[in-house]
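Colleague: Chain residues, written in single-letter form:
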Amino acid sequence: MIRKRIIMAGLVLAAGIGTAGRAEEPDADTIVRKANAASYYAGKDGRAKVTMELSDGRTREFTILRRNADAGQDQMFYVYFTAPSDVRRMAYLVHKHPGGDDDRWLFLPALNLVKRIAPGDKRTSFVGSDFLYEDVSGRGLEEDAHALIETTETQYVIRNTPLDPDAVAFASYTVWIDKETFLPRKAEYVDRNGTLYRRVTADRIESVQGYPTVMVSTAEDLAAGTKTVNTFSEVAYDIGLSDRIFTERFLRRPPREVTR
Amino acid sequence: MRIAALLACLVVLLAAPPGRAAAWTETLRDAAGPLHGFVEVREGLRTQSDPLEDGATLNELRLQVDRLWYHDLYTAQFKADLVYDDLAADRGEVDLETGDGWFDLRQAYIQASPLSWMDVKLGRQVLTWGTGDLLFINDLFPKDWQSFFLGRDDEYLKAPSDALLVSLFPEWASIDMAYTPRFDADRFISGERISYWGGQALAGQDAIVDPLRPDDWFSDGELAVRLYRPLGAHEAAVYAYRGFWKSPGGTDPASGRAVFPELGVFGASIRGPFAGGIASLEAGYYDSADDRDGDDPFCNNSEARLLAGYEREAMRNVTIGFQYSLERIMEHEAYLRALADAGLPADGARDADRHTVTARMTWLLLNQALVLNCFARYSPSDNDAYIKPAVTYTISDRWQVSAGGNVFLGEAPYTFLGQFENNSNVHASLRCSY
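Protein chains in written order, with numbering that gives the first Met the number 0: chain X, 0 to 259; chain A, 0 to 433.
Chain X on its own, in the form it takes in the complex (with noise of 0.2 Å):
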């Protein structure tokens, strides 16, 4: 059994850690579980620099750290922006709990002021662009019914089916899984009318510290014709993060991880 990796990537796209080589084909909640673990709990930490191209132009740099719980499912991500000056020097902290609402708080410099944000709908925009809250931390695997729908030579392709289908705009969505990885190549949305409307894509691999990384990622509103690339660079895994950084005091006066 080759032992599973993960990615920090996998932050704004469910990326995953591989599991591979068994004689037998996992089942779906199997695959969908490794490639959430995978993706999303990759190494105890990590930080990434990450640049958002959006298709009008516009763009959103900024830092994102992620500490995982010493136990059980929890995380804590802190997101600092550097770019452009409408976001610059604003800080973003999610306190995740799967199953439940994240606590969120967002700093706005100007006025020295952290405000805590209301739990939303996670399918909205991340900061503008057309990646969704919950394409960067994560959606709840009890939230779908998941299907094994196709195992080519190197993909396990999974058909998602929300439980609550009025709590979302797709009717279902599927996912192509490397077998290699666990990292998502491919999510594909659908919408009642079995309109296909938006897609989110890992375009390029690399390997960071022996960890499979997505280094850019595209997500795609195809009904408004508009994408955006997401490009991570300065990737590092397993670099010590106190949790002390994911609270109020280092939302006022940013630590020297994202300051660097």
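Treat the hints as calculated values from the structure; they're not laboratory data.
Be aware that a few hints might be false.
Claimed, not checked - Simulated pairs of lysine-lysine, BS3-like, Cα-Cα distance not exceeding 30 Å:
#, chain 1, residue 1, chain 2, residue 2
1, X, K43, X, K178
2, X, K114, A, K387
3, X, K185, X, K48
4, X, K43, X, K114
5, X, K121, X, K178
6, X, K121, A, K387
Unchecked claim - Okay, the calculated bits of chain X under chain A, using three or more residues with CB under 8 Å as the criterion:
#, segment
7, 47-58
8, 73-86
9, 124-131
Since we're looking at a predicted model, the values are computed, not measured.
Idealized CB from N, CA, C, for every residue including glycine.
Following the hints, complete the assembly by docking chain A onto the known chain X.
Modeller: Leaving out everything else, chain A in the frame of chain X:
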């Protein structure tokens, strides 16, 4: 004078290890981030005439320069505005305290962590805490109400403090202590640009408030303390403040000039998830030390203040928020008696309780490039209201346009918001960031 003192502080700190000035200059250069800021033109007009003020409310060109220094040992920021304010009475004279003149120093501080559980921030800085949305109880840091009501960018609501902020982070709580060695007042409504109720009649440029400021170093200082910690998913805090009423809170009977009486505030707040949104509760007791009996007609009475808020997402991209606030004058009967004894008109007197409700809606459109925002507050006891609509459109990373208004409504000219009725205005801006 102030700027010299601040710069001296920065220089002394940066040059602390003697004989290593050159090395420090080098690290300062290495630590310097890129220069940022913006150029902005902003125009505003009264929507009705005011016999006491100009027709225009804003006509200004602003250049902001902003630089940060990030180093392993410290963080520093310098942010200042160069302003051509066509409506200013005196553009030449720079007053860093009031923000008047062509130069407004917004931030100039150095911050360091001498211990793993301690942060220190010294210099000109913006300080904010508490849970309110444009209603403040335990945030006794200076506000710029003039900029806010004229329609400058939201960041100008907070005026800077010249302070030493020491923050301690023991395991059981976090503690902030902000010491301002010389009182930093609000940039309050003075009549210069916005007319106000002068006690007997509306007043404006004919009667610009010229207060007696507590301005002795150290003896006229302010201390604000906050102790906070999470309680489960909630955040709890207690606060204390020792200083002065931030906007004039009384009159010197001899000279007739406005004064800032002594003030102590004790309060607490809690904020956290509730019914699918975020709820908050904040309370504070304003101890007006110079008029505890409430029988001085020339000094604010003590007050108890309460604020409850709730915010949630109403639908995708739309957030709504509501607040209720109560301001209760302690010793209200003594207050009324004192007014009568002083021969002051009773119809301008405040009620014992001022109730206020607020509502806010924020709507994000066009991939969040277009933001529609409206804040409204209404007081059923004062029968007055304030509405602040705003539209911001981000054209590109560089260009942003905005438009908005400040609408004051009131039955009587002497209530908190009603006095500003002649100042209702609309404004627009164009900003280029770099």
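Colleague: For each hint, tell me whether it holds in the structure or not.
Modeller: Results for each hint:
no.: 1; hint: X:K43 - X:K178; verdict: 23 Å, holds
no.: 2; hint: X:K114 - A:K387; verdict: 20 Å, holds
no.: 3; hint: X:K185 - X:K48; verdict: 22 Å, holds
no.: 4; hint: X:K43 - X:K114; verdict: 28 Å, holds
no.: 5; hint: X:K121 - X:K178; verdict: 28 Å, holds
no.: 6; hint: X:K121 - A:K387; verdict: 29 Å, holds
no.: 7; hint: 47-58; verdict: holds (count 5)
no.: 8; hint: 73-86; verdict: holds (count 4)
no.: 9; hint: 124-131; verdict: holds (count 5)
In terms of the numbered hints stated before, the structure departs from none.
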